[in-house]
Structures are given as C-alpha cells and as structure tokens.
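S.K.: Assemble the complex: chain A is given as a structure, and chains B, C and D must be docked to it using the hints.
Chain order of the listed sequences is A, B, C and D.
Be aware that the first sequence starts at 7, since it is given in this note's numbering, and climbs by one per residue.
Be aware that the second sequence starts at 7, since it is given in this note's numbering, and climbs by one per residue.
Be aware that the third sequence starts at 7, since it is given in this note's numbering, and climbs by one per residue.
Be aware that the fourth sequence starts at 7, since it is given in this note's numbering, and climbs by one per residue.
Do not rely on the hints blindly, as some may be mistaken.
Because identical chains share one entry, a pair is satisfied inside a single copy or across any pair of copies.
Capping the alpha-carbon separation at 25 Å, the derived lysine-lysine pairs in DSS-like fashion look like this [said to hold, decoys possible]:
hint : residue 1 : residue 2
1    : K112      : K184
2    : K126      : K147
3    : K70       : K184
4    : K112      : K27
5    : K112      : K70
6    : K147      : K27
7    : K184      : K27
8    : K126      : K27
In short, the hints are calculated from the structure, not lab data.
None of the values given here were measured: they were computed from a predicted structure.
The lines below spell out each chain.
There are 4 protein chains.
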Amino acid sequence: DDSWEVAGRRFTSRLIVGTGKYKDYAVNAAAVEASGAEIVTVAVRRVNLTDRSQPLLTDYVDPKRYTYLPNTAGCFTAEDAMRTLRLAREAGGWNLVKLEVLGEAKTLYPDMEQTLRATKELVNDGFDVMVYCADDPIAAKKLEDAGAAAIMPLGAPIGSGLGIQNPVMIRLIVEQAKVPVLVDAGVGSASDAAVAMELGCDGVLMNTAIAEAKDPVMMARAMRHAVEAGRLSYRAGRMQRRLYADPSSPLGGLI
Amino acid sequence: DDSWEVAGRRFTSRLIVGTGKYKDYAVNAAAVEASGAEIVTVAVRRVNLTDRSQPLLTDYVDPKRYTYLPNTAGCFTAEDAMRTLRLAREAGGWNLVKLEVLGEAKTLYPDMEQTLRATKELVNDGFDVMVYCADDPIAAKKLEDAGAAAIMPLGAPIGSGLGIQNPVMIRLIVEQAKVPVLVDAGVGSASDAAVAMELGCDGVLMNTAIAEAKDPVMMARAMRHAVEAGRLSYRAGRMQRRLYADPSSPLGGLI
Amino acid sequence: DDSWEVAGRRFTSRLIVGTGKYKDYAVNAAAVEASGAEIVTVAVRRVNLTDRSQPLLTDYVDPKRYTYLPNTAGCFTAEDAMRTLRLAREAGGWNLVKLEVLGEAKTLYPDMEQTLRATKELVNDGFDVMVYCADDPIAAKKLEDAGAAAIMPLGAPIGSGLGIQNPVMIRLIVEQAKVPVLVDAGVGSASDAAVAMELGCDGVLMNTAIAEAKDPVMMARAMRHAVEAGRLSYRAGRMQRRLYADPSSPLGGLI
Amino acid sequence: DDSWEVAGRRFTSRLIVGTGKYKDYAVNAAAVEASGAEIVTVAVRRVNLTDRSQPLLTDYVDPKRYTYLPNTAGCFTAEDAMRTLRLAREAGGWNLVKLEVLGEAKTLYPDMEQTLRATKELVNDGFDVMVYCADDPIAAKKLEDAGAAAIMPLGAPIGSGLGIQNPVMIRLIVEQAKVPVLVDAGVGSASDAAVAMELGCDGVLMNTAIAEAKDPVMMARAMRHAVEAGRLSYRAGRMQRRLYADPSSPLGGLI
Numbered sequence: 007d008d009s010w011e012v013a014g015r016r017f018t019s020r021l022i023v024g025t026g027k028y029k030d031y032a033v034n035a036a037a038v039e040a041s042g043a044e045i046v047t048v049a050v051r052r053v054n055l056t057d058r059s060q061p062l063l064t065d066y067v068d069p070k071r072y073t074y075l076p077n078t079a080g081c082f083t084a085e086d087a088m089r090t091l092r093l094a095r096e097a098g099g100w101n102l103v104k105l106e107v108l109g110e111a112k113t114l115y116p117d118m119e120q121t122l123r124a125t126k127e128l129v130n131d132g133f134d135v136m137v138y139c140a141d142d143p144i145a146a147k148k149l150e151d152a153g154a155a156a157i158m159p160l161g162a163p164i165g166s167g168l169g170i171q172n173p174v175m176i177r178l179i180v181e182q183a184k185v186p187v188l189v190d191a192g193v194g195s196a197s198d199a200a201v202a203m204e205l206g207c208d209g210v211l212m213n214t215a216i217a218e219a220k221d222p223v224m225m226a227r228a229m230r231h232a233v234e235a236g237r238l239s240y241r242a243g244r245m246q247r248r249l250y251a252d253p254s255s256p257l258g259g260l261i
Numbered sequence: 007d008d009s010w011e012v013a014g015r016r017f018t019s020r021l022i023v024g025t026g027k028y029k030d031y032a033v034n035a036a037a038v039e040a041s042g043a044e045i046v047t048v049a050v051r052r053v054n055l056t057d058r059s060q061p062l063l064t065d066y067v068d069p070k071r072y073t074y075l076p077n078t079a080g081c082f083t084a085e086d087a088m089r090t091l092r093l094a095r096e097a098g099g100w101n102l103v104k105l106e107v108l109g110e111a112k113t114l115y116p117d118m119e120q121t122l123r124a125t126k127e128l129v130n131d132g133f134d135v136m137v138y139c140a141d142d143p144i145a146a147k148k149l150e151d152a153g154a155a156a157i158m159p160l161g162a163p164i165g166s167g168l169g170i171q172n173p174v175m176i177r178l179i180v181e182q183a184k185v186p187v188l189v190d191a192g193v194g195s196a197s198d199a200a201v202a203m204e205l206g207c208d209g210v211l212m213n214t215a216i217a218e219a220k221d222p223v224m225m226a227r228a229m230r231h232a233v234e235a236g237r238l239s240y241r242a243g244r245m246q247r248r249l250y251a252d253p254s255s256p257l258g259g260l261i
Numbered sequence: 007d008d009s010w011e012v013a014g015r016r017f018t019s020r021l022i023v024g025t026g027k028y029k030d031y032a033v034n035a036a037a038v039e040a041s042g043a044e045i046v047t048v049a050v051r052r053v054n055l056t057d058r059s060q061p062l063l064t065d066y067v068d069p070k071r072y073t074y075l076p077n078t079a080g081c082f083t084a085e086d087a088m089r090t091l092r093l094a095r096e097a098g099g100w101n102l103v104k105l106e107v108l109g110e111a112k113t114l115y116p117d118m119e120q121t122l123r124a125t126k127e128l129v130n131d132g133f134d135v136m137v138y139c140a141d142d143p144i145a146a147k148k149l150e151d152a153g154a155a156a157i158m159p160l161g162a163p164i165g166s167g168l169g170i171q172n173p174v175m176i177r178l179i180v181e182q183a184k185v186p187v188l189v190d191a192g193v194g195s196a197s198d199a200a201v202a203m204e205l206g207c208d209g210v211l212m213n214t215a216i217a218e219a220k221d222p223v224m225m226a227r228a229m230r231h232a233v234e235a236g237r238l239s240y241r242a243g244r245m246q247r248r249l250y251a252d253p254s255s256p257l258g259g260l261i
Numbered sequence: 007d008d009s010w011e012v013a014g015r016r017f018t019s020r021l022i023v024g025t026g027k028y029k030d031y032a033v034n035a036a037a038v039e040a041s042g043a044e045i046v047t048v049a050v051r052r053v054n055l056t057d058r059s060q061p062l063l064t065d066y067v068d069p070k071r072y073t074y075l076p077n078t079a080g081c082f083t084a085e086d087a088m089r090t091l092r093l094a095r096e097a098g099g100w101n102l103v104k105l106e107v108l109g110e111a112k113t114l115y116p117d118m119e120q121t122l123r124a125t126k127e128l129v130n131d132g133f134d135v136m137v138y139c140a141d142d143p144i145a146a147k148k149l150e151d152a153g154a155a156a157i158m159p160l161g162a163p164i165g166s167g168l169g170i171q172n173p174v175m176i177r178l179i180v181e182q183a184k185v186p187v188l189v190d191a192g193v194g195s196a197s198d199a200a201v202a203m204e205l206g207c208d209g210v211l212m213n214t215a216i217a218e219a220k221d222p223v224m225m226a227r228a229m230r231h232a233v234e235a236g237r238l239s240y241r242a243g244r245m246q247r248r249l250y251a252d253p254s255s256p257l258g259g260l261i
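Same shape as in the complex, but just chain A:
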C-alpha cells in the first residue's frame, strides 16, 4: 500500500487532473478516466456546474466517483479568491479546495503575500486549503504553519509545459514539509511528471499537458504511468551516479 492522505482523505492515485482547455466535456471525461485520477480540479468560475440549459461537467465527470477540487483560477486578489471558494462551498458543499491568487495575467505567477493572507482566513473559515505557491521554501513553511492542507509549488509557469525548472527548491520544500507537497503547473511531458515524483513529491497536478496534447486521452494514460514510475523510482532508491568504472573520478564535479 502506497496511498497518501490530504485533509483526512485517503487516495491511491497521485495524479490530479484539470478540467480546462478540452474540446468538450466528453474528451475531458475520457482523459480523466484514462489518467486514473481520483481528484479533478475545477475552475469554479469557468466551468458550468449549475446551468442545466448547457452541458454540465457533472454529467460527464461524476462527482460521486471523483473528488471535485474547486480552484480559484482567474482570481487576482485574496478577496476574489475567498469569495469564489465560499460560493463554491455553498453551492456544492466543497470544503477541500485549491487556492490560487495570481499576481498578474502574463505569467500567472502567484502573489504570495495575498496567498498567505487568504490561506489564513480560509483555514479559520474551516476550509481544507491546498495552496498553489512559488517554489519558495520559506513561504511554503509559512503556508504550512498557517494550516495549509497541502503545498503546491509551481514547477514552471502555468500552461508553459517547460518542466521542473528548479528541482533544488522543490526538493528543499519536500524535505521540510509535514503536509503533502504536489507540483502544480509546468509539467509538459511524461518525463517531467516522473521528475517531479522522483524529487519526493506526494503528487502532481496538471491540466494543459493533457488537454493540449494531440491525443489527450493517450497522454492521460502516459501521465498515469509516469506518476507511478516516478513514485516507484523514488521509493526504490536510485543507483549512485558515476562517471566510469572507477568511482574515484576527478570528474566528480561534473555530475
């Protein structure tokens, strides 16, 4: 058994997938299915959850089967993000949420000052808050001290597909954290997801890498295997890197 727990809930899959940028809800649902995810994150401002005259995500991705994780994509202030999550809780009863307070529209980088403030208020308000954040170990510690249910540093800018830019910082965050750490944003291919898991992360959240692949359902399968591969690789304990048969190499510095 290698399950993990966030806010008292236990999951087997370590891959969280999104619900944006798909051609339609049918493709989205097929990708979610192929990914093996148990949690799907939903931008509550962008996804139709209530207007029955339009297609409803919930008709395709069953909220009884999947844990819905409402997120605040598109919110640029703490107030806006908090209002959005409170409405979501009233509407759907969702208490486990993903907070993101973005600094500006070009990079979608988090505003950590407002993120920390919103985390504190939402925790006081009884939410279980998974928090999108900078790859900043000091800020990550403050979020954890404020009661965050999970720390979710970006691997690279949202939607960039550049892969994990700063493994050193992700690893420092993982080392110190007592709550789950999940890379959120930046994964572009399967190997990127495996790298995130090999750093010791508890999971990976992604949307664009699957939604914008030429074949999203096949990429979802790829990511399922990648997260599993990276997790097993981390647990199995990798071989030592070396340069040649003789490990007492002066080339050590290159590795």
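M.R.: Just chains B, C and D, lined up with the frame of chain A:
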C-alpha cells in the same frame, strides 16, 4: 497494438533488461518478472549457462519464456566479440545477439571502427546483430547499411546512471533510422527512461539502474511504467512549450 | 559607454564582490583589485570596521576608492536588519545598502514577507536599498513599487555555487523591471556569471565563488572577464539556435 | 604566461575564428581584430584567395599577422579533403591545416572512418593536422595515435549554436589527450565558450556565433573575454558545489 519488431520477431515490451550485478539469480529473476521485459540480455562470458554444478541463470529466468539476447560485454576486440558470439550460437542456438566492442575499460565506450567491422562479419555469418554504438549518426547509418538489426546508442557511459546526455544526437539517429533504435546504457532513474522514449526510441536497455537500486524489484516496476509512459507521451504528441499566455514572446529563445 | 546607474550613482563595472570567507584581508583586497569591481559589499556584523586593535578591512580595501555596500548577512528578522543598517549609517555614513532578511540558517533563502516590510521602512527612512530576494517576479515588482533601488534575485542558494537555477524567472524579472536587476548568490564559475549577464541582468554579486576558489585572485580575474563577456554577448544579440542546415526542422521542439 | 602550443607553434589567444557567413571581408576583419584571435580558419573552397579581380580575404586579414588555418569545409570524402589540402599547401604553403570530412549535408557531422584514414595519410604526407571529430573518446585516441596535431570535437552540430551538449565526453577526451583539445562547432553565446574552457579544453573554434550575431564585432569582443574567463576559471579551481550550509546533505545526489 503498439508492438515492435526486430529481426522478424515481434515484442510488446520495449524494455530490455540485463542479468549482471544482482545479488543472486533469484533477485534477478524477480526483477525481470517485475519489469515486464520479454528480452533479457546475457553477458555470455560472465553468466553461468552450462556448469550444472553451479547455479544456472536458465533455472531462474526461463529461456522458453524470455528471449535470451547474448551480448559481448567484456570484449575489447572485434575478434574476441565474434568468437564469443559464435560460441554462444553453438552452445545455445542464439542467433539474435547484441554486439559490443569496447574501446577501453575505464569508460566502456564503444570502438566504432571495430564495431562496424564485426557487424559486417557477423551479418555475413547469418547473425541478427543489435549493435551498441556511439551517439554518432553517421556511424549509426553505416551500421544500418551493414545490416544491423537494431541501433543501440549509449545515452551515457555504461553503468553511470547519468541519463541521456545528448538528446539532439539520439533524435537525429532516430529520425534517419529504418531499423529499431534503442538507448543502451546511461539510464539511472525512471525519468531517464521516459526521456529516451519521448525522443522516439523504439526501446531502452538497462542493467545497473535496476540491479543497483536499493530495491531492484521495485525499480524494475518503475522502469516498466517509465518506458510505457515515455512511449505513450511520444505517441500522444506533447503540448507546445511556451513561456506565458502570450506566445509571441521575446523569451522564445530561452525555451 | 555601457555604464549603469543605481540610486543616482554611476558605475562602469557590473561585478560586485564580497568580503567574507577570505584567508585574510590582504587576499581579499588583491581579489577585489583583480575583479575590477567598483562596489564591495560588507557584512557589517562580521567585518571589522572600527576596532583599531585588530586588522581593519578599510586599511586594505580603501573606502575612498571603492563604494562600500553594507549588507545585513546574518539577519533573520526585518527589525534586526533595519537596526543593523541604521547603525552602519551612523557609523560610516553609508546610505546605499543591501538588505537581506534570511528565512532560516540552512538555506539562507530570503523571507520575502519581512524583506518587503523592511524595504518599505528603509526607503521611508531615506535609504537607497538594493534588495536580495527570491526569483519571484510578483515579489520583485512589489519591491520595486516600494522604492527598492535594485532587485537582486538569488540564482541559487547562497554559497552553493550551483549556477543560475531558474533562468526563465530571472528573465521575467529583468523584462519587467525599471530599476537594475543583479543576480545575487549562486554563481560558482565564470560561465555561471556569463549566463546571468546574457539573461539581461545589469550586474552580478558574488562572494564564495571567488573566496573559495583555489586561487581567489585568478578567479576574480576570471569573473571580471566573464561579466564583461556576458554583457557584450547580451548586447551583441546572439545567433538563432538551430538543429541543422535546414531550420524548418521537426526537431525544433528540442531546442 | 599561459600560452599553448600546436605543431610546434606557440599562441597566446585560445580563440580561433572563422571567415564564413560575414556580410563582407571588412566586417570579417573587424571581428577577427576584436576577437584577439591569432589563428583564422579559412574554407579554402569558399574563400577567394587567388582571384585578384575579386575582393581577396588576404587584403583584409593579413596572413603575415594571422596564422591562416585552411580547412576542408564542404568535403564529404577523405579523398576530396586531402586533395583540397594539397592544393592549399601548393598555393599558399600552408602546412598546418584543419581536416573535416563530413558525413552528410544535413547535420555536418564528421565521418569518423574517413576522418581517421585522411588523418593518417595527411600525417604521412607531412601535414600538421588539426582534426574536427565526434565527441568520441576512443576515436579521439586513435586520431592522436595517428599523429593528429590537435583533437577538435564538436560541442554541438556545426552552425547550431546549441552549446556544449555532452560535457562528460568532452571532459573524458581532455583527460586522456596529450595533444591540444579544442571545441570546434556548437558554441552560440559567450557562456558556451566559457563552459568549453572550464572543461579544460585548450581552445575554442567558432564561426557562426560571431558571424550571425546582430553585432558581429561586439560578439567577437564578447568571445575574447569569454575564452579568457573560462580559461582563468579552469585554472583558478572552482569552489565545490553544495546545497546548503551543511555540506553533509542528503540532497547531494541532485548536484
């Protein structure tokens, strides 16, 4: 169906594993099983295949179930390698073989001049020859023209675990090849294997990454998933890398 | 002419060097001389500036010739950092200062919440504040809005010598900034310094890379050339990367 | 004094520059001047050295001041390359030459089989042969045994500007060589040149990085500083990489 073919034989698994450096044949066999491999490569000079007074690899890894791929690890001349493979064919009937002619003991880098000569002779001699080689696209083309059944460029020095050092050259070799291309040597972790497959390789061969992991059987499972993940990621067609919402970025050069 | 300006002062050299970890002040002075630096940064808590019974840095590195930039190395709270800089101003008249408020001792990563607060107070207090900070473009913008004289993101942990870990974020910070941006921390070798400058930074600050080289004075010379090289390379406008003679390559994604 | 020697000739500059792709010979000459190079390499098939009715390179880049290094760019067989160099020797008396035998037009990767054969014949013929080659340490050793005056592995494909792709192999070649090793091809920016020198190479040869920069003369200056910086950085002995203040870090594997 996404099987592949080498020398007229068809395989489903794209992971080839080794039989060196394990604690014993039992662990080796358990790792082979966990890896899902259909082909196991055997250093005919190092593995006991005939002396019934000692443990026999064949009693643990069933040659009826797995395709044995004899290799010439430890051979430093074309003549030595050819002699070894001829003896192997006489002893076990093995016709599909992996040729490696090493340049020297420190790096175990291939001697491409002798490798090309041995390939030609072995092909003339009726062998199906999978060839360990440099990540040199011109040499790879010559091997193919000489009748090699598969091209197997090193990703990094044998036993180094450094990962794919030169993806540009591996990709050039993949682009031009009409026979299978498999990365042979250099993989250290699951993400390395996924990278190899995302470059479009037909498969990956590894030994040390599994044998020297703290838990070889778990690492074998990791590698099974990693090769599958990388293959699916390649086939699914990854998203475009970008730096921010506005793709017409002056940062393009960074990607 | 390619000089740059911070807080109304104009400099030709884009390399700022430190005064810690040297064998003695004589070696330090020789390294400063070889580096061509016009600004030297001084940890006011660690360097002897006043006790005439001990060797004084000012006897070796002439404050009339070099601009002294007092810094708050070793300060873990905003209050501590502000007190240190106020004492330094009283003692030496230094108004141009480098603020660092560290989050904890293991990584020496900045505490951005306290850093922002201290920046605001120090600016109100009439200081010209160059600010050590995370590679966080939103936090960098806030520092600039608070009146920071220069933004100094870390390239990698202080004293690590790992080189620029996240060029994408450094570049985003450079793109948006209207005050000088200097990489502070993380440079280990000359090529690292050149990379920082090629990203468009206005300068580089380093200490350990020079002080802990086997030959600090020669490394100081190396760094002088490296900063000049990187600056010229940035200004000259580099060639386009390509994979082969035919630029319409399907390999584009690899670059 | 940090001069170096090839084929009995001593040079101070470790940067060799080319004479192709420039707007005209005047810009070329200005770039050569700015680079500080003492050796310029000339594609004897492409540069006008004899037709006095057309502009002559020699009128701009004085062969009395600079060592001309004829090269065989554009030659795809050993015979073609040897014929070219023999004509060059007859015409200009040039005995120190750069051999390149290209495998095909798309990648301009060397054909190492023909390169080795041509090296042997040219050495027998009395030439001092600097040899463009793959980053293959076994082939490099054979070239040296055949009498090559210098080993010149590619850092990346000619004209690609991708930087040093395989530092591990370049370093292995440097470690074993008794003749000078120079990176030839692949440098795109100043930091790339510094990296090559930090690996311990004796020099760097480049053409496109300078010729295709927006400002070739400024880039030539950048490269002069970069080669000097990398050389000094190598000689000065870089600091140890580490992850934090405590060097006994479990993160060691990341470095």
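S.K.: For each hint, tell me whether it holds in the structure or not.
M.R.: For each hint, the structure was consulted:
For the homomeric pair K112 and K184, the shortest alpha-carbon distance between copies (17 Å) is at most 25 Å, but the shortest distance inside one copy (32 Å) is not. Taking the shortest Cα distances, K126 and K147 sit within 25 Å of each other both inside one copy (13 Å) and across copies (23 Å). Neither within a single protomer nor between protomers do K70 and K184 lie at most 25 Å apart by alpha-carbon distance, with minima of 29 Å and 49 Å respectively. When the C-alpha separation of K112 and K27 is checked against a cutoff of 25 Å, the pair qualifies only within one copy, where the shortest distance is 17 Å, while the shortest distance between copies is 38 Å.
Neither within a single protomer nor between protomers do K112 and K70 lie at most 25 Å apart by alpha-carbon distance, with minima of 36 Å and 45 Å respectively. For the homomeric pair K147 and K27, neither the shortest alpha-carbon distance inside one copy (32 Å) nor that between copies (30 Å) is at most 25 Å. For a Cα distance limit of 25 Å, the shortest separation of K184 from K27 qualifies neither inside one copy, at 33 Å, nor across copies, at 35 Å. In this assembly of identical chains, K126 and K27 lie within 25 Å of each other by CA distance neither inside one copy nor across copies; the values are 31 Å within and 41 Å between.
Checked against the numbered hints listed earlier, the structure breaks hints 3, 5, 6, 7 and 8; every other hint is satisfied.
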